[in-house]
Amino acid sequence: MSQPDNSTLATASSPIRMRVQGMDCAKDAAEIERAARSAGVAEGDVKVSAATHIMTLRIAEGDLPKVRPALDATGYGFEKIEDGDTSSDPAYKDPSYRRALWIVVALNLGFGVVEIFGGFLSGSQALKADALDFLGDGAITFLGLLAIGWSLTWRARSAMIQGVFLGLLGLGVVGSTLWRVLNQTTPEAGLMGAFAVGALIVNILAVLPLLKHRKGDANMRAVWLFSRNDAIGNLAVVIAAGLVAWLGSAWPDLIVAFAIAGLFLHSSWVIIRDARSDLVEPR
180 MSQPDNSTLA TASSPIRMRV QGMDCAKDAA EIERAARSAG VAEGDVKVSA ATHIMTLRIA
240 EGDLPKVRPA LDATGYGFEK IEDGDTSSDP AYKDPSYRRA LWIVVALNLG FGVVEIFGGF
300 LSGSQALKAD ALDFLGDGAI TFLGLLAIGW SLTWRARSAM IQGVFLGLLG LGVVGSTLWR
360 VLNQTTPEAG LMGAFAVGAL IVNILAVLPL LKHRKGDANM RAVWLFSRND AIGNLAVVIA
420 AGLVAWLGSA WPDLIVAFAI AGLFLHSSWV IIRDARSDLV EPR
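In our numbering, the protein residues as written are 180 to 462.
It is worth saying that the hints were derived from the structure and are not from the lab. One thing to keep in mind: the hints can contain errors.
Listed below are the simulated DSSO-like cross-link pairs for lysine-lysine, each with C-alpha atoms no more than 27 Å apart in a straight line [claimed, not checked]:
#1 Lys-245 x Lys-206
#2 Lys-245 x Lys-259
#3 Lys-226 x Lys-245
#4 Lys-226 x Lys-206
#5 Lys-226 x Lys-259
#6 Lys-259 x Lys-206
The task is simple: from the sequences and hints, build the whole structure.
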């Protein structure tokens, strides 16, 4: 990444807006903002929305080439919005690419439902929390498919609904986990581990349809991020299942459930916050 610049670029009255391709969550938005600031953009002059994946730079047009190398070094794609705010990325017009995304949606949403069932069947709160990650990934991809060609305002509204819905799911898991803390029962470790291993397999299957589209498509980065984050969550559930079997205690399951649900709630809150900001910001 580019080294920090000691000089700060001047603020411009007319902002530059760019669509960020390949970002996944609030962590990615923060990474991109740090990259822009390292190139001399003032802290208040860069904002990346985790809801609509739009970056707003309040710098002069002539200063954009000074910032671009730092942005490109992050590995994400940046498409400047000239007229309107619909994407010109030809990848979205490829029928096979759209079919692959529909397969990803089906696998994520489908196994999310299966894993919730597995959570109830095995008595595992961690499985229920991990299921939220599947549902969240499926919802994000589904929204991306539906929102192709939509205006920024409608994408922000859709993201707001998505953030609220996923937040309610997260609160439900937190509430049920708190109830389990007060009324502890040890999960069935074998079932718990089996569903977690199944989740890893589904993650691999979700990546396969998109492999041939990875070149030249910046959004492929998001697929790898989804898979990596999901795999970490799946492995945490597998480890928790092993500890449950070893210790004969429900606490490993409960701790992992709180951790996954907490991260999910944070992401949901950031989506809602950025969606509200996108809706009230003057165009």
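Do the hints match the structure? See the list:
no. : hint              : result
1   : Lys-245 x Lys-206 : holds, 24 Å
2   : Lys-245 x Lys-259 : holds, 15 Å
3   : Lys-226 x Lys-245 : holds, 17 Å
4   : Lys-226 x Lys-206 : holds, 13 Å
5   : Lys-226 x Lys-259 : holds, 14 Å
6   : Lys-259 x Lys-206 : holds, 22 Å
In summary, this structure violates none of the numbered hints.
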